[in-house]
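Colleague: Chains as they are written, first to last, in our numbering: chain A, 1 to 230; chain B, 231 to 802.
No wet-lab data here; the hints were simulated from the structure.
Each residue gets a CB set at the ideal place from its N, CA and C atoms; glycine is no exception.
There could be a bad hint or two in this list.
Stated by the list, open to error - Only some residues are given here: those of chain A computed to face chain B with a beta carbon under 8 Å: (1) Gly17; (2) Ser26; (3) Asp28; (4) Leu46; (5) Ser48; (6) Cys55; (7) Ser86; (8) Phe112; (9) Tyr114; (10) Asp117; (11) Ala160; (12) Ala165; (13) Phe193; (14) Leu218.
Said to hold, decoys possible - Sample of chain A residues lacking proximity to chain B, with all beta carbon distances greater than 12 Å (derived): (15) Met42; (16) Pro88; (17) Met134.
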Amino acid sequence: MSQAIATSGQADDITAGLREVTEDWSADQEVFRHTHWGKAMMWIFLLSDTFIFSCFLTSYMTMRTSATMPWPNAAEVFALTIGGQSIPLILIAIMTFVLISSSGTMAMAVNFGYRRDRKKTAALMVATALFGAMFVGMQAFEWTKLIEEGVRPWGNPMGAPQFGASFFMITGFHGFHVTCGVIMLLIIAHKVFRGDYDRSGDYSAVEIGGLYWHFVDLVWVFIFAFFYLW
Amino acid sequence: MATTLADDLKPLHHPKTWIGKYVWSQDHKVIAVQYGVTAIAIGLVALVLSVLMRLQLGFPGSVPWIQPENYLQYVSMHGMIMVVYLLTALLLGGFGNYLIPLMVGARDMVFPYVNMLSYWVYLLSVIVLVIGFFVPGGPTGAGWTLYPPQAITEGTPGYSWGIVTMLVSLAIFIIAFTMGGLNYVTTVLQARCKGMTLMRMPLSVWGIFTASIMGLLAFPALFVAAIMMLLDHLAGTSFFMPTLFSFGQTTDTVGGNPILFQHLFWFFGHPEVYIVALPAFGIVSDLISVHARRNIFGYRMMVWAIVIIGGLSFLVWAHHMYVSGMNPYFGFFFAISTLVIAIPTAIKVYNWLLTLWRGDIHLRVPMLFAIAFIFTFIHGGLTGLFLGNVSVDVPLSDTYFVVGHFHMVMGVSPVLVIFGAIYHWYPKMTGRMWNKTLGQMHFWLTFLGTYAIYMPMHYIGILGVPRRYFALGETAFIPDSVALANAGITIAAIVVFLAQGLFFFNMIWSLFRGPKADPNPWGAASLEWQTPDTPPVHGNWGPKLPTVYRWAYDYSVPRPERDFIPQNEPPA
């Protein structure tokens with residue numbers, strides 16, 4: 001009995017929700033009510049960027065299945081020897097941890113932005129940017145290590161040449177995104193600290209920057225899963 | 231909180247200097263004209279290339295400096311320029327920029343600075359493209375589809391330098407389009423004026439809006455394909471390159487997947503057809519409605535047809551690849567999805583006809599072009615049904631039938647709409663009227679010339695004449711009539727080419743000497759004709775934004791003063 005009521009209540013919620021969506025879309029002026037146009041624009045851009053990364057990853061998977069030479073074992077290639085012991089994927093694990101942590105600090109920065117806490121917002125954004133810079137630094141280290149081991153875009157000693165090629169292309173493109181994000185975060189943090197947004201009364205830049213940053217993190221999760229764990 | 235320009239909270243920054251007004255301008259109308267002029271200029275290059283190709287085909291050897299490799303280069307550059315740099319840029323960058331803010335009642339795009347940047351990056355892509363004509367080896371001759379491995383293999387014209395400028399230019403173009411497209415989509419979603427609901431927008435805006443979304447989702451595939459091919463060529467990767475035996479030696483590339491490029495290319499390439507077609511569909515609906523003094527038949531159906539065509543177009547790409555060697559069962563799926571698109575498309579065509587039905591049709595020049603579009607589009611669409619079926623496509627593939635089909639459906643049809651649209655909005659854009667007689671001469675020569683050019687191509691295509699061939703030579707299955715048809719096509723093409731001179735003369739002469747135009751010469755109800763100034767000034771609407779009370783299609787209203795109700799007229 002109580003379950004039936006709960007279900008019908010849920011159905012009402014869904015109907016009400018759908019009605020609100022319909023009302024928003026059939027309203028004048030704005031589809032996304034009380035949403036900064038920049039935020040809407042960032043969402044649409046991220047949708048487009050999703051297609052770029054999807055194309056990269058789908059192409060990578062296609063190449064991997066149709067490559068004529070054996071695919072190298074990622075767990076062996078991406079292992080580090082620490083204290084005489086080879087630990088698989090240790091660097092990637094740390095990199096992933098760092099990047100996910102940066103999403104945490106970013107979320108806190110957005111929260112403090114809502115509260116108009118100028119100093120904490122700026123500090124947390126700088127922390128996010130530092131995490132991002134750490135990530136790019138470790139990626140540079142990983143690239144150097146692979147290049148020293150003879151991995152090149154046109155071939156590598158472990159197997160299919162597509163391995164190195166797609167590794168450099170995809171992580172390079174992602175690293176480029178992270179680098180752009182770091183620069184953007186620092187610029188916004190600088191403006192927050194200077195009090196630009198207190199004067200204009202509009203902190204949405206922090207949130208828009210945050211959207212981009214979370215997206216870059218999310219993409220990394222997919223790259224991590226498809227490239228390193230597969 | 232939400233500070234859109236439409237809220238009138240953020241004052242527009244009016245430029246003081248001539249350069250700020252007309253060169254580094256952030257006004258959507260100036261950017262639109264910049265886009266339009268650049269696109270038409272590079273389109274003229276492609277038009278000249280097509281005439282050179284026709285000279286070789288119609289009268290082989292008549293122009294001694296057209297060598298086989300030049301011919302292939304003309305084919306490739308003509309195709310790519312027309313599809314991407316002319317049609318996409320003109321319809322979205324040109325008409326999108328001009329019409330969206332005016333038609334939805336905004337002062338400008340939501341992010342004018344990025345909009346300006348979009349144009350300058352587009353110009354850069356055009357410059358890089360043109361540089362391709364002057365690099366050693368000339369532009370690429372790989373065909374507009376740029377299929378690897380031949381695109382970057384020795385023996386193809388422009389395989390070393392030309393292909394690099396082409397791919398780099400495409401990547402730059404995509405960046406430019408993304409900046410513009412984000413603006414178009416966001417402006418439509420978030421910056422409409424009071425009363426302007428999505429379902430009150432003119433169909434032109436719907437077409438451009440849907441096409442912009444499609445562009446944002448389809449161009450990434452081309453971007454990725456371009457980057458991967460550049461790496462194949464410059465960094466020696468083997469993404470698309472299998473091991474080849476070339477000039478007595480095996481190449482260094484191992485195990486690449488050339489079909490992957492085709493999938494990526496057509497995942498962009500097929501939506502691209504509709505990125506060009508949907509704005510044309512939208513614009514032509516408005517032209518027909520205004521000049522037939524009838525409300526558009528089945529407005530809601532028209533909107534949903536646009537959206538459904540846009541969605542379906544992402545599920546049909548491999549119908550360009552029936553003969554690529556992919557799994558035949560794929561062909562089955564893609565043939566079905568291709569033929570399903572015919573349903574919403576047919577809905578649109580019937581609705582155009584039903585709008586004309588018992589309408590008060592004024593055969594002015596824009597209307598002539600709009601009706602001509604219905605003809606060419608039906609013809610091109612019907613041949614599409616042939617090519618969409620696997621078993622019919624296989625023998626027709628890579629013949630002149632295909633050339634006739636796509637020129638009819640996505641070459642000529644959008645171009646006719648573009649002409650119609652330019653004639654239609656010219657009085658608003660310039661404040662002056664063009665010459666009617668010249669316009670009519672231009673129309674009849676272009677329209678009849680179109681049929682003289684492309685109808686015979688279907689015939690020689692069914693005979694089996696292959697496309698992209700420099701010369702046919704002595705071949706048993708090709709009768710003499712083909713040479714005659716080719717000569718006729720070439721003569722028609724030259725006539726049409728020269729007829730465009732009438733258009734350019736008319737436009738430029740009228741700009742300075744044309745009579746002053748009425749602010750709303752066609753009696754149109756949509757918002758862009760209700761601006762306080764003609765041509766509209768920066769900010770579009772004077773001190774107060776308009777308020778919209780109705781849709782854009784209230785025509786043939788029985789009342790004495792005027793037979794239409796503008797969108798911003800309050801209810802009596």
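Colleague: Against the structure, test the hints numbered earlier, and report the numbers of the ones violated in rising order.
Modeller: 1, 4, 7, 8, 9, 10, 13, 14, 15
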